[in-house]
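Undergrad: Chain residues, written in single-letter form:
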Amino acid sequence: MKRRKRIIWISTAIAAILLSVITFTPLVIPLNNFKPELLGMPYTLWAGILVMIAYILNTLIAIFVHPGNDNDR
Amino acid sequence: MLHWLLIIGPVYVGILIFLAWFSRRGINNASDFMMGGFNVGTVLGFMTFAATLFSTFTMMGMPDFFRIHGIGAWIFLAVSDGAMVYFILWFGYRLRALSKARDFRGMSGLLKEIYDTKWASYLYFAVIFIFLIPYVAIQIRGISIFLDAAFQDLMPYWAWALIIVGIMIIYSETGGLKAIMYSDTLQGILLLTVVWIIAFRLLEDSNGMKVLFDEVKSIDPELLSVPGPAGLFNIQFLVASFIAILMIPVTQPQISTRLMVMRSLGAMKRMSIGVGFFAMLVIFPTVIIGMYGAVNYTGVPTADFLSGVLIYEHPELLATLVMIGLIAAAISTSDSQIFAMGSELRSLLKGDEISVLKKTKAGMLIFAFFAFIFSLISSDQLVMLARVSFAGTAMISPVILVAVFFRDKATKSILWISSIAVIAFILSLIGWLPPLILKIQTDLFLFIILFITTALHILIPGKN
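So the protein sequences, as listed, match chains B and X. Residue numbering for the first sequence is 5 to 77, as defined by the working numbering. Residue numbering for the second sequence is 11 to 474, as defined by the working numbering.
The set of hints was computed from the structure by calculation and includes no laboratory data. By construction, the Cβ of each residue, glycine as well, lies at the ideal position given by its N, Cα and C atoms. Heads up, some of the hints might be wrong.
In the DSS-like style, the derived pairs of lysine-lysine whose C-alpha atoms are separated by at most 25 Å in a straight line are [stated by the list, open to error]:
| id | chain 1 | residue 1 | chain 2 | residue 2 |
| --- | --- | --- | --- | --- |
| 1 | X | Lys110 | B | Lys6 |
| 2 | B | Lys39 | X | Lys220 |
| 3 | X | Lys419 | X | Lys110 |
| 4 | B | Lys39 | X | Lys227 |
Between beta-carbon pairs, the in silico distance windows are [to be verified]:
| id | chain 1 | residue 1 | chain 2 | residue 2 | range |
| --- | --- | --- | --- | --- | --- |
| 5 | X | Asp390 | B | Asp76 | 40 to 46 Å |
| 6 | X | Gly318 | B | Asp76 | 48 to 54 Å |
| 7 | B | Ile65 | X | Gly441 | 45 to 51 Å |
| 8 | X | Lys227 | B | Ile65 | 36 to 42 Å |
| 9 | B | Arg8 | X | Pro325 | 54 to 60 Å |
| 10 | B | Leu22 | X | Ile173 | 46 to 52 Å |
| 11 | B | Ile65 | X | Asp224 | 52 to 58 Å |
| 12 | X | Asp215 | B | Asn37 | 25 to 31 Å |
| 13 | B | Ile65 | X | Phe210 | 39 to 45 Å |
| 14 | B | Leu61 | X | Ile433 | 38 to 44 Å |
| 15 | B | Val69 | X | Glu323 | 43 to 49 Å |
| 16 | B | Asn37 | X | Asn217 | 24 to 30 Å |
| 17 | X | Gly441 | B | Glu41 | 39 to 45 Å |
Construct the entire structure; sequences and hints are all you get.
TA: Listed below in structure tokens is the structure:
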């Protein structure tokens, strides 16, 4: 169980790094291109919102497998 | 609108007085005053963290940034904040573990102990003084200019600035950190509420999101993608900003203090996720306000755009609440920063608690005075000046990161590396170094050099 938690914890770190790298590629910020649009929003905006949601979900997972003791001061 | 301000304004000041009195009751020693007794729960912690981070910079700076430079501003701030929230889990955990057996008074004192030299603490303190005072000043200037535009001829903007600095310093020196946190909570709720009400109203005026973005497209399609009309959001700018914002919890004392004062590690972890949600909720409406501005306030000066879109287009009561919210935002962020600088000063001082606390309070007064003077002469570019503050303090991130994550490697070499980077960054700001080095933006170039040299320092065996 402890090992599994550690693997997930490290995985969240890898996911955060990957998200950070992906953000600065044309996958999220294609130069001078706002298509495809979603609900009227240009591509970079809605893709950026998805990236941010992914960061938050990743952080949420990380909280449950964090190696520290919650009661530590 | 003035009559509403005369009604709601005193109510707000009354609440501040009550909160200062309430907080003062729980103060038994210097630690209670400066660090909230290291007993801050999840909700208060998350609200104070969020309110300190999202201030006039968000409410006034970001709509203008979206209006002028387009939706790349989302990547600039929101995505960087998302990454920062995750990083808090790593950094906050290790920082708290490192400080566990120590009497944590501030980052300066901690660095002095880890590096075993005063140079570390002086370097940290000098950098936060140089880069936080302008950051405090732009909050004060932003709201003062805004109030001056909203109440033309009532009083000069420096008088508004003086009133705000006065409230800020009296409040924080009376109630301490807990009082600041309570006012942060009040401000955070107010800010989030009014920014969404405004965004909904403007969206309704624009006949929905799709029509709004279609209109932006017809006016200037470059606003809808990067790098934006002025070419600001190029990859280099965005990456350098990402690093600078990611390092905020590491290098800016008003934020790192908030990681330390949490009651438990669990509370800190829950706080971080709350900040993530808050970031998204508070930045998204500024996209709408900015895009509305791009359509309806094209080419208009910043002050006119902000006073129009935040005040004049709304019923008087809402406009007054916006104004109070903005004043609260400016005060809560500025007092957090001034107070954090006071904490750092305290961690450098020796002597009995009473005299140290007196000197700390005097120091805060001096910092506030500097911020006031700087607010009279600084530029109006809220976001860009804030970014300079983030990037400037990020130059000393190796000093803190090595101390926290690789304590055995905390040697003078790291202090040299960061000191040179800070000097180079300052020289670039005053134009003595070019804006590009080897075709790389100077701040990004310095971050790359810092990363390489710090990594080498860590990887080379032994103390170096």
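Undergrad: Each hint should be assessed against the structure and marked as holding or not.
TA: Hints, one by one, checked against the model:
Distance hint between Lys110 (chain X) and Lys6 (chain B) is fulfilled; the C-alpha atoms sit about 24 Å from each other, no more than 25 Å. Annotation: proposed proximity of Lys39 (chain B) to Lys220 (chain X) holds, straight-line Cα distance about 13 Å (limit 25 Å). Restraint check for Lys419 (chain X) and Lys110 (chain X): satisfied, since their Cα atoms lie roughly 20 Å apart, inside the 25 Å limit. At roughly 12 Å between alpha-carbon atoms, Lys39 (chain B) and Lys227 (chain X) fall within 25 Å of each other, so this suggested pair holds.
Look at Asp390 (chain X) against Asp76 (chain B): about 45 Å separates their beta carbons, and that is inside 40 to 46 Å. Checked against the hint of 48 to 54 Å, the pair Gly318 (chain X) and Asp76 (chain B) passes, with Cβ atoms roughly 50 Å apart. Look at Ile65 (chain B) against Gly441 (chain X): about 46 Å separates their beta carbons, and that is inside 45 to 51 Å. Between Lys227 (chain X) and Ile65 (chain B) the CB atoms are about 37 Å apart, so this pair conforms to the stated range of 36 to 42 Å.
A C-beta distance of roughly 56 Å is found between Arg8 (chain B) and Pro325 (chain X), which places it inside the suggested range of 54 to 60 Å. Taking 46 to 52 Å as the suggested C-beta distance range, the pair Leu22 (chain B) and Ile173 (chain X) conforms, at roughly 48 Å. Range check, Ile65 (chain B) to Asp224 (chain X): about 38 Å between beta-carbon atoms, so the 52 to 58 Å window is missed. With their beta carbons about 28 Å apart, Asp215 (chain X) and Asn37 (chain B) fall inside the hinted range of 25 to 31 Å.
Separation of Ile65 (chain B) from Phe210 (chain X) is about 32 Å and departs from the stated range, judged on CB atoms against 39 to 45 Å. For Leu61 (chain B) paired with Ile433 (chain X), a C-beta distance near 41 Å keeps the hint of 38 to 44 Å intact. The given range of 43 to 49 Å is respected by Val69 (chain B) and Glu323 (chain X), whose C-beta atoms sit roughly 47 Å from each other. Remark: the range hint 24 to 30 Å for Asn37 (chain B) to Asn217 (chain X) is upheld by a beta-carbon distance near 25 Å.
As the Cβ distance of Gly441 (chain X) to Glu41 (chain B) is approximately 41 Å, the hint placing it in 39 to 45 Å holds.
Violated hints, listed in ascending order, are 11 and 13; each of the other numbered hints is respected by the structure.
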